[in-house]
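**Q** Spelled out from the first residue to the last, the chains are:
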Amino acid sequence: MRPALLRPDSVFALGHPRVVHEILDPKDALLIDLEQGVYYHLEDVAATIWKSALEGLPLEAIATAVERNYSGCEDQLPAAVAAFAQALLDEGLLTLASGPANGASTAPSVVEHEPTPYRAPSLDRFTDLQELLRADPICEVLNPND
Amino acid sequence: MALDAHLEADLDAYFARLSADFDQSVDAGGARARCYRIAGQRIAVRCAGKRLATFLLPALQHLADDTADAASLEVDVFAAGVEEKELALPAALRSAAATATTSDGMHESAASPVYTYLGRRYLISWFTATAHTEISLVDVDRGRAVVMLQDVGGVPSLRAAAPLRSLLTLWFERRGMTLVHAAAVGTELGGLLIAAKSGGGKSTVALACLGTALRWAGDDSLLVEMREGRARAHSLYCSGSVFAADVDLHPPLGTLSLQPRLDRPKMQFFLGEHGAWLVDTVPVRAILVPKFTEQTSSRVAPASPSQALLVLGPSSVNLAGGRPAQRLSRIAALVRAVPCFTLELGRRTADVPAVIDDLLALLGAAPITA
Chain B
1 MRPALLRPDS VFALGHPRVV HEILDPKDAL LIDLEQGVYY HLEDVAATIW
51 KSALEGLPLE AIATAVERNY SGCEDQLPAA VAAFAQALLD EGLLTLASGP
101 ANGASTAPSV VEHEPTPYRA PSLDRFTDLQ ELLRADPICE VLNPND
Chain D
1 MALDAHLEAD LDAYFARLSA DFDQSVDAGG ARARCYRIAG QRIAVRCAGK
51 RLATFLLPAL QHLADDTADA ASLEVDVFAA GVEEKELALP AALRSAAATA
101 TTSDGMHESA ASPVYTYLGR RYLISWFTAT AHTEISLVDV DRGRAVVMLQ
151 DVGGVPSLRA AAPLRSLLTL WFERRGMTLV HAAAVGTELG GLLIAAKSGG
201 GKSTVALACL GTALRWAGDD SLLVEMREGR ARAHSLYCSG SVFAADVDLH
251 PPLGTLSLQP RLDRPKMQFF LGEHGAWLVD TVPVRAILVP KFTEQTSSRV
301 APASPSQALL VLGPSSVNLA GGRPAQRLSR IAALVRAVPC FTLELGRRTA
351 DVPAVIDDLL ALLGAAPITA
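Taken in order, these protein sequences are the chains called B and D.
Per the numbering used here, residue 1 is the first one in the first sequence, and the count goes up by one each step.
Per the numbering used here, residue 1 is the first one in the second sequence, and the count goes up by one each step.
Note that these hints are calculated values from the structure, not bench results.
Glycine residues also receive a C-beta, built at the ideal position from the N, C-alpha and C atoms.
Treat each hint with caution, since some may be false.
[What the hints assert, rightly or not] Heads up, simulated BS3-like pairs for lysine-lysine below, C-alpha to C-alpha not over 30 Å straight-line:
#	chain 1	residue 1	chain 2	residue 2
1	D	K266	B	K27
2	D	K291	D	K266
3	D	K50	D	K291
4	D	K50	D	K197
5	D	K197	D	K266
6	B	K27	D	K197
[Unchecked claim] Far from chain B by the CB rule (all over 12 Å, computed), these chain D residues:
#	residue
7	D21
8	A28
9	A33
10	A53
11	L312
[Claimed, not checked] Covered stretches of chain B, as calculated for chain D (at least 3 residues, CB under 8 Å):
#	segment
12	33-41
13	125-134
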């Protein structure tokens with residue numbers, strides 16, 4: 001069942017602890033869902049949305065961050081950003097948070113790179129290692145003081 | 001804090017119990033002891049019983065160390081025919097697992113769960129599935145470890161190609177190194193990490209270099225160490241595998257004993273008797289991502305760090321326990337630190353050593369095969 005429509009003040013958090021991710025540079029991110037055995041590659045606008053979401057920015061500010069870093073953004077940018085955020089929610093990579101995380105900014109990110117041409121965000125999804133990624137699910141028990 | 005104290009006390013008892021089981025196995029069948037120099041550290045391994053040693057030690061033979069240096073880690077390994085009920089996790093660890101910040105029910109529903117506990121003093125990797133059990137427990141303070149494998153009809157349940165991988169991962173990742181799913185070739189002066197998913201060309205490249213001046217550091221699992229922005233790949237195993245149909249393409253294999261692998265349609269071999277073909281450690285000058293093509297000859301082309309991470313990250317992150325997020329982060333640091341290239345493999349791979357040699361020369365490392 002799809003959750004309620006996103007609002008401009010919707011904020012996000014990592015979907016679950018079995019999602020590991022690495023933001024290689026502001027325009028490139030690798031996400032691995034160890035529970036589903038699926039991994040994702042996000043580039044450009046998609047990576048900016050992911051990064052901004054994990055910084056605790058509300059949806060509206062995420063759209064602003066995209067606008068500042070990409071040229072020629074589409075007229076319906078807020079709707080495109082919301083649709084992509086919804087896709088991340090549907091995949092379980094993000095979850096809706098109740099409010100900005102402690103210390104998180106509600107202001108849009110600064111310009112992180114020279115504006116590059118806008119391309120609609122897309123989620124490259126890979127299932128070729130599903131067996132490997134799910135074969136040995138790890139129950140990671142960490143020392144509380146570690 | 002209280003939980004941690006319970007865990008430590010529980011793991012004290014668990015370690016003592018496994019050590020007593022090891023002693024019992026030694027009383028019954030004797031022990032084989034060997035020392036190895038792995039990633040610069042001396043690791044002393046005692047196997048309970050000759051049969052276990054014949055499975056466990058060939059893949060490590062190239063790292064045998066006969067010095068009298070003190071061992072950083074002493075490992076006792078035994079195989080035992082055990083019932084699953086006897087393998088219960090220590091109570092406090094089971095309790096911690098149930099409340100760990102992992103998804104609900106994961107360890108309940110999973111057919112073959114791995115529990116990884118990384119405490120201040122103890123590290124544990126606990127894996128059990130039908131006909132395969134591997135429990136590795138490390139006491140960091142004492143530099144001691146005990147590993148229990150399941151004995152299945154007189155055969156220890158282990159991958160002879162990569163023995164003690166969980167244990168070595170626990171030990172070396174605590175020391176800042178990272179297990180990666182990759183091959184590596186080169187010399188002490190410099191080499192390349194070859195990153196590919198299974199079937200993606202790691203073994204093809206390593207085999208093409210076998211017996212040349214580009215020596216073999218591994219074709220599947222390696223430890224990578226980052227120090228002051230420089231990367232180094234440490235050999236773990238001298239095992240390799242090749243498709244039966246391809247054996248004749250690699251003349252050096254003609255001198256080796258090839259055995260069929262049970263899990264894949266490949267032949268397995270060990271290179272321990274051919275020290276001149278092997279290298280223990282190589283400074284990583286670049287990462288190569290192989291790609292099979294229909295071209296006649298092989299060539300390299302620049303690749304982005306992202307391309308390397310996309311291959312190396314997902315295939316490494318869940319290997320042999322450990323902390324996936326930490327491993328991914330370290331692999332990201334690696335791909336940022338060294339240049340990345342695609343190796344477009346031609347139909348014939350005989351030119352691969354020369355192509356790699358040219359690349360190393362381009363990167364400022366001394367040519368190797370010239």
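**Q** Does each hint fit the structure? Answer for all of them.
**A** Status of each hint after checking the structure:
1. K266(D) <-> K27(B): Answer violated: K266(D) to K27(B) is near 40 Å, above 30 Å.
2. K291(D) <-> K266(D): 20 Å, holds
3. K50(D) <-> K291(D): Since the Cα atoms of K50(D) and K291(D) sit roughly 42 Å apart, the hinted pair is violated (cutoff 30 Å).
4. K50(D) <-> K197(D): 35 Å, violated
5. K197(D) <-> K266(D): 16 Å, holds
6. K27(B) <-> K197(D): Measuring from Cα to Cα gives roughly 24 Å; hence the hint holds.
7. D21: 23 Å, holds
8. A28: Fine: 31 Å to the nearest Cβ keeps A28(D) off the interface.
9. A33: For A33(D), whose nearest Cβ neighbour in chain B is about 30 Å away, the distance exceeds 12 Å, so it holds.
10. A53: 26 Å, holds
11. L312: Given that some Cβ of chain B is not farther than 12 Å from that of L312(D), nearest at about 10 Å, it is violated.
12. 33-41: holds (count 4)
13. 125-134: It holds: at least three residues are needed, and the segment 125-134 of chain B offers 5 whose Cβ sits within less than 8 Å of chain D.
Violated hints, listed in ascending order, are 1, 3, 4, 11; each of the other numbered hints is respected by the structure.
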